[in-house]
Amino acid sequence: MYLDKLFSIEDALKEIKSNHTLMVGGFGLVGSPLSIIEHLTRHDISGLTVISNNVGEAGEGLGILLRQGKIKKAIGSYFTSNRDVAKYYNEGKLEIELLPQGTLSEAIRSGGAGLGGFYTKTAVGTDLARGKETKEINGETYLLQEGLKADVAIIKAWKADRLGNLVYYKTARNFNPNMATAANYVIAEVDEIVDVGELDPDEIATPHLFVDAIVKSELILMKDGVKSIGK
Amino acid sequence: MYLDKLFSIEDALKEIKSNHTLMVGGFGLVGSPLSIIEHLTRHDISGLTVISNNVGEAGEGLGILLRQGKIKKAIGSYFTSNRDVAKYYNEGKLEIELLPQGTLSEAIRSGGAGLGGFYTKTAVGTDLARGKETKEINGETYLLQEGLKADVAIIKAWKADRLGNLVYYKTARNFNPNMATAANYVIAEVDEIVDVGELDPDEIATPHLFVDAIVKSELILMKDGVKSIGK
Amino acid sequence: MGNKRELIAKRAADELEPYSFVNLGIGIPTLVANYIDDGLYTLHTENGLLGVTSVEEKDIDPLIVNAGKLPVGEALGASYFSSADSFAMIRGGHIDVAILGALQIDSRGRIANWAIPGKDIIGVGGAMDLLEGAKKIIITTNHVANDGRPKLVDECTFPITSERVAETIITDLAVFKWQGDNYELVELMGDSTIEEVQANTTAFYTISNELLQEGKV
Amino acid sequence: MGNKRELIAKRAADELEPYSFVNLGIGIPTLVANYIDDGLYTLHTENGLLGVTSVEEKDIDPLIVNAGKLPVGEALGASYFSSADSFAMIRGGHIDVAILGALQIDSRGRIANWAIPGKDIIGVGGAMDLLEGAKKIIITTNHVANDGRPKLVDECTFPITSERVAETIITDLAVFKWQGDNYELVELMGDSTIEEVQANTTAFYTISNELLQEGKV
Numbered sequence: 002m003y004l005d006k007l008f009s010i011e012d013a014l015k016e017i018k019s020n021h022t023l024m025v026g027g028f029g030l031v032g033s034p035l036s037i038i039e040h041l042t043r044h045d046i047s048g049l050t051v052i053s054n055n056v057g058e059a060g061e062g063l064g065i066l067l068r069q070g071k072i073k074k075a076i077g078s079y080f081t082s083n084r085d086v087a088k089y090y091n092e093g094k095l096e097i098e099l100l101p102q103g104t105l106s107e108a109i110r111s112g113g114a115g116l117g118g119f120y121t122k123t124a125v126g127t128d129l130a131r132g133k134e135t136k137e138i139n140g141e142t143y144l145l146q147e148g149l150k151a152d153v154a155i156i157k158a159w160k161a162d163r164l165g166n167l168v169y170y171k172t173a174r175n176f177n178p179n180m181a182t183a184a185n186y187v188i189a190e191v192d193e194i195v196d197v198g199e200l201d202p203d204e205i206a207t208p209h210l211f212v213d214a215i216v217k218s219e220l221i222l223m224k225d226g227v228k229s230i231g232k
Numbered sequence: 002m003y004l005d006k007l008f009s010i011e012d013a014l015k016e017i018k019s020n021h022t023l024m025v026g027g028f029g030l031v032g033s034p035l036s037i038i039e040h041l042t043r044h045d046i047s048g049l050t051v052i053s054n055n056v057g058e059a060g061e062g063l064g065i066l067l068r069q070g071k072i073k074k075a076i077g078s079y080f081t082s083n084r085d086v087a088k089y090y091n092e093g094k095l096e097i098e099l100l101p102q103g104t105l106s107e108a109i110r111s112g113g114a115g116l117g118g119f120y121t122k123t124a125v126g127t128d129l130a131r132g133k134e135t136k137e138i139n140g141e142t143y144l145l146q147e148g149l150k151a152d153v154a155i156i157k158a159w160k161a162d163r164l165g166n167l168v169y170y171k172t173a174r175n176f177n178p179n180m181a182t183a184a185n186y187v188i189a190e191v192d193e194i195v196d197v198g199e200l201d202p203d204e205i206a207t208p209h210l211f212v213d214a215i216v217k218s219e220l221i222l223m224k225d226g227v228k229s230i231g232k
Numbered sequence: 009m010g011n012k013r014e015l016i017a018k019r020a021a022d023e024l025e026p027y028s029f030v031n032l033g034i035g036i037p038t039l040v041a042n043y044i045d046d047g048l049y050t051l052h053t054e055n056g057l058l059g060v061t062s063v064e065e066k067d068i069d070p071l072i073v074n075a076g077k078l079p080v081g082e083a084l085g086a087s088y089f090s091s092a093d094s095f096a097m098i099r100g101g102h103i104d105v106a107i108l109g110a111l112q113i114d115s116r117g118r119i120a121n122w123a124i125p126g127k128d129i130i131g132v133g134g135a136m137d138l139l140e141g142a143k144k145i146i147i148t149t150n151h152v153a154n155d156g157r158p159k160l161v162d163e164c165t166f167p168i169t170s171e172r173v174a175e176t177i178i179t180d181l182a183v184f185k186w187q188g189d190n191y192e193l194v195e196l197m198g199d200s201t202i203e204e205v206q207a208n209t210t211a212f213y214t215i216s217n218e219l220l221q222e223g224k225v
Numbered sequence: 009m010g011n012k013r014e015l016i017a018k019r020a021a022d023e024l025e026p027y028s029f030v031n032l033g034i035g036i037p038t039l040v041a042n043y044i045d046d047g048l049y050t051l052h053t054e055n056g057l058l059g060v061t062s063v064e065e066k067d068i069d070p071l072i073v074n075a076g077k078l079p080v081g082e083a084l085g086a087s088y089f090s091s092a093d094s095f096a097m098i099r100g101g102h103i104d105v106a107i108l109g110a111l112q113i114d115s116r117g118r119i120a121n122w123a124i125p126g127k128d129i130i131g132v133g134g135a136m137d138l139l140e141g142a143k144k145i146i147i148t149t150n151h152v153a154n155d156g157r158p159k160l161v162d163e164c165t166f167p168i169t170s171e172r173v174a175e176t177i178i179t180d181l182a183v184f185k186w187q188g189d190n191y192e193l194v195e196l197m198g199d200s201t202i203e204e205v206q207a208n209t210t211a212f213y214t215i216s217n218e219l220l221q222e223g224k225v
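Residue numbers (this note's numbering), protein chains in the order written: chain A, 2 to 232; chain B, 2 to 232; chain C, 9 to 225; chain D, 9 to 225.
For the record, the hints were derived by calculation from the structure and aren't laboratory data.
Since we're looking at a predicted model, the values are computed, not measured.
Some clues are possibly wrong.
What the hints assert, rightly or not - Chain A side only, calculated, beta carbon under 7 Å to chain D, not exhaustive:
#, residue
1, Val31
2, Glu39
3, Thr42
4, Ile46
5, Gly60
6, Thr81
7, Ala130
8, Lys171
9, Ala173
10, Phe176
11, Lys217
12, Leu222
13, Lys224
14, Lys228
What the hints assert, rightly or not - With a cut-off of at most 20 Å between alpha-carbon atoms, the simulated SDA-like pairs for lysine to any residue come out as follows:
#, chain 1, residue 1, chain 2, residue 2
15, C, Lys127, B, Ile97
16, B, Lys160, B, Asp201
17, D, Lys127, A, Ile97
18, A, Lys136, B, Asp201
19, C, Lys143, B, Gly126
20, A, Lys94, D, Ile129
21, A, Lys224, D, Glu65
22, A, Lys74, D, Ala207
23, C, Lys66, B, Ile46
24, C, Lys127, B, Met223
25, D, Lys143, D, Ile129
26, C, Lys18, C, Gly35
What the hints assert, rightly or not - Cβ pair distances, simulated, as ranges:
#, chain 1, residue 1, chain 2, residue 2, range
27, A, Glu39, B, Gly198, 35 to 41 Å
28, D, Gln206, A, Gly93, 56 to 62 Å
29, B, Glu11, C, Asp45, 27 to 33 Å
30, D, Glu14, B, Ser19, 22 to 28 Å
All C-beta atoms in this analysis are idealised placements derived from N, C-alpha and C, irrespective of residue type, glycine included.
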């Protein structure tokens with residue numbers, strides 16, 4: 002009687018189009034939707050703006066999309082570990098918007114919460130405050146950060162029920178619940194799908210109204226690297 | 002080896018002083034720290050600014066503190082159901098700051114998150130926008146709401162471990178987790194205290210760093226009203 | 009009287025798209041729940057529950073209430089969240105429809121439903137957030153106030169709740185839809201007549217071609 | 009070299025008040041964990057865990073990592089949360105101490121620890137938020153850079169991380185405390201001498217009366 006949101010990765014990916022703004026969950030590879038990203042590398046899509054803490058690693062995860070020339074702009078907090086990012090940036094092939102990590106995650110939350118933006122003290126007086134409006138509030142200087150939104154978010158969760166309620170696993174949670182709120186279309190890659198009613202209503206981290214499609218993981222992060230778990 | 006945060010209500014109340022700003026959790030009586038409020042009625046404290054969705058009901062909960070003349074100002078979203086509020090306000094005995102409910106809870110979250118404030122479209126063009134700064138962001142008008150903070154928050158949770166980690170029960174959650182983040186001293190009234198390690202780390206709604214004192218409920222809301230459960 | 013309210017609620021239920029997320033206000037909107045299929049719609053209450061159902065007296069849990077502080081039940085697949093998270097859902101555009109009551113509706117599509125000057129109503133609750141954030145607004149109300157005065161007026165004399173236009177108005181006499189610049193009368197309720205609507209409405213509105221062609225004017 | 013780093017970490021651990029909430033940065037700060045008692049301090053990592061412990065190789069869970077993306081363990085009473093919630097804790101003043109590394113520290117108490125002009129470091133991570141939000145900042149660093157140049161300089165030539173002053177600086181040579189207007193040299197580390205400190209520091213600082221009285225100058 003309910004809308005079944007379980008899709009194949011390929012079917013869900015039809016929502017991602019060239020020139021889209023894409024939010025991608027994960028802190029490095031931890032909590033990153035590795036299977037969806039892997040499928041994306043096989044698609045002829047370009048001009049993406051990617052909002053993600055990192056751009057994967059060099060030649061790994063989102064790093065592959067970068068090498069394929071699919072990413073036009075990256076908005077995130079830490080690109081140092083993927084050396085390609087600096088290379089592409091220096092060659093003028095990639096635009097970068099660097100935000101403090103807390104400003105990044107708060108901007109995503111803010112976009113999802115229908116706010117125009119917020120005032121933070123973080124980065125005031127630094128190079129990352131360039132071009133940002135500032136304001137005195139109760140004698141202290143804050144800078145304005147506008148909310149971020151995306152066309153599509155691809156996120157990773159641990160378990161979903163078929164309605165799309167999600168729970169996360171340990172530090173694989175990170176940006177995922179925030180991104181789930183801030184995109185027009187949300188695809189959640191999950192390791193396990195359970196019956197509706199199995200997740201405790203007090204423990205659901207992402208209520209199903211935020212989620213448009215659930216897909217099953219094909220790749221997972223193990224102690225010794227990323228492994229395929231078949232379909 | 003850890004700091005035991007379990008206090009008697011009377012001991013925890015020593016942190017509340019005249020002229021304090023006090024956050025009080027609950028939506029009506031649901032999820033309200035009824036036992037702490039009851040003890041507060043016996044203390045000689047005045048000039049309180051209370052941040053709470055309602056001011057209890059006439060002669061119930063916070064409504065008693067109002068009748069005792071302890072409340073100088075109320076910041077909340079819905080005072081209609083306690084008729085005393087309008088009476089005290091009309092007689093000039095009570096200041097009122099009325100905020101839309103979403104602006105109220107977001108302002109509390111914002112205060113707890115160290116933000117100066119946020120831009121919301123809610124209330125733009127209405128009487129509740131009076132005196133508020135507005136700003137155009139991406140062609141739309143938003144108004145600025147500053148964050149709210151308190152000296153002390155008194156909240157209600159379902160279970161706590163002795164470190165102060167909290168989980169909430171159903172719609173008794175409401176403002177409580179937000180208020181837990183926004184006060185200098187946080188007292189959580191709980192129905193059940195469990196051993197450290199019993200609460201699943203992925204399901205803790207309020208991590209213990211937010212909580213200063215845990216007290217045990219003496220009054221709880223039953224189907225047929227508020228009942229004493231003894232000590 | 010009860011019958012009229014039920015009629016309005018039933019008509020409002022017909023407006024809902026399957027699988028939508030719906031917030032019901034206090035009063036007539038609450039009755040809409042009686043006319044929708046639990047599996048097809050998900051009800052949200054802004055105090056922090058997605059997946060509201062009705063509850064039988066014997067199953068009442070005093071800690072599960074809706075925004076009107078009335079006991080409700082928990083649907084299969086329901087979830088609970090904080091007030092800040094709940095209003096993030098609302099303002100963020102994640103609620104498809106809010107069905108609300110109104111004291112006045114004016115020619116510009118604006119609603120007044122939170123305060124009456126001179127009356128001791130000091131409360132706004134979630135009304136402004138819902139009017140701002142829900143993708144679609146349906147107003148359900150008696151066509152005239154208790155004192156017989158029109159509720160659809162040229163300009164609200166009560167404080168407005170939002171500058172945002174309410175897309176659909178359903179009263180015991182008629183259904184109006186906002187057409188970009190003004191309301192259009194698109195339907196007569198029960199056996200009401202255009203004359204009745206005209207006599208009890210001071211707001212500007214147009215009449216749909218369909219109604220004109222049906223010769224109801 | 010390792011010994012110097014351990015010495016700095018051990019000294020930083022002595023600065024911590026029992027029961028405090030501590031965030032450890034990458035590098036020397038991470039080593040501080042080896043010198044504190046799990047039960048007395050609670051470690052926070054900004055990617056979303058309160059209650060970090062060390063983990064043995066056999067118990068590694070690849071989905072439990074710290075901000076340096078290194079495997080960590082989960083303490084009794086730990087909790088996980090989203091990035092937005094984690095930085096709300098930080099900015100909201102709920103973290104008592106952040107122990108961080110630095111590229112430069114200047115006479116005004118400002119830290120540079122996120123970027124080197126001309127080098128391909130395009131990342132800031134949580135450094136600015138921690139410097140802004142933590143109640144107290146302890147900087148642990150080698151006294152001079154790898155090329156032998158002073159790290160404590162009159163004015164940062166690298167981009168600063170915050171305008172906020174770092175209260176305590178612990179190097180392999182000395183400990184400095186901010187005194188409202190400037191740093192004061194309060195302690196010599198190991199067998200270092202005032203002369204060594206002077207030769208390797210271009211930042212302005214005063215010397216504590218205690219050290220002066222001890223005749224170390």
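Hints, one by one, checked against the model:
1. Val31: 5 Å, holds
2. Glu39: 17 Å, violated
3. Thr42: This hint is violated: A/Thr42 lies away from chain D, its Cβ roughly 22 Å from the closest one there, beyond 7 Å.
4. Ile46: Since chain D brings no Cβ nearer than about 24 Å to A/Ile46, farther than 7 Å, the hint is violated.
5. Gly60: Because about 17 Å separates A/Gly60 from the closest Cβ in chain D, which is outside the 7 Å limit, the hint is violated.
6. Thr81: 4 Å, holds
7. Ala130: 10 Å, violated
8. Lys171: Nearest chain D Cβ about 5 Å off; hint holds.
9. Ala173: Nearest chain D Cβ about 4 Å off; hint holds.
10. Phe176: 5 Å, holds
11. Lys217: 17 Å, violated
12. Leu222: 5 Å, holds
13. Lys224: Check passed: Cβ of A/Lys224 comes within 5 Å of chain D, closer than 7 Å.
14. Lys228: 10 Å, violated
15. C/Lys127 / B/Ile97: Within the cut-off at roughly 16 Å; holds.
16. B/Lys160 / B/Asp201: 12 Å, holds
17. D/Lys127 / A/Ile97: At roughly 16 Å apart (the allowed maximum being 20 Å), A/Ile97 and D/Lys127 satisfy the hint.
18. A/Lys136 / B/Asp201: With a Cα-Cα distance of about 41 Å, the restraint between A/Lys136 and B/Asp201 is violated, given a limit of 20 Å.
19. C/Lys143 / B/Gly126: 19 Å, holds
20. A/Lys94 / D/Ile129: 17 Å, holds
21. A/Lys224 / D/Glu65: 10 Å, holds
22. A/Lys74 / D/Ala207: Cα-Cα ~46 Å, so violated.
23. C/Lys66 / B/Ile46: This hinted pair is violated, its Cα atoms lying about 41 Å apart.
24. C/Lys127 / B/Met223: Violated - the C-alpha atoms of B/Met223 and C/Lys127 are around 33 Å apart, more than 20 Å.
25. D/Lys143 / D/Ile129: 27 Å, violated
26. C/Lys18 / C/Gly35: Holds - the C-alpha atoms of C/Gly35 and C/Lys18 are around 14 Å apart, at most 20 Å.
27. A/Glu39 / B/Gly198: 35 to 41 Å: Because 37 Å falls inside the window, the suggested range holds.
28. D/Gln206 / A/Gly93: 56 to 62 Å: 46 Å, violated
29. B/Glu11 / C/Asp45: 27 to 33 Å: At 52 Å between Cβs, range violated.
30. D/Glu14 / B/Ser19: 22 to 28 Å: At roughly 51 Å between Cβ atoms, B/Ser19 and D/Glu14 fall outside 22 to 28 Å, so the hint is violated.
Of the numbered hints given earlier, the model fails hints 2, 3, 4, 5, 7, 11, 14, 18, 22, 23, 24, 25, 28, 29, 30; all others are met.
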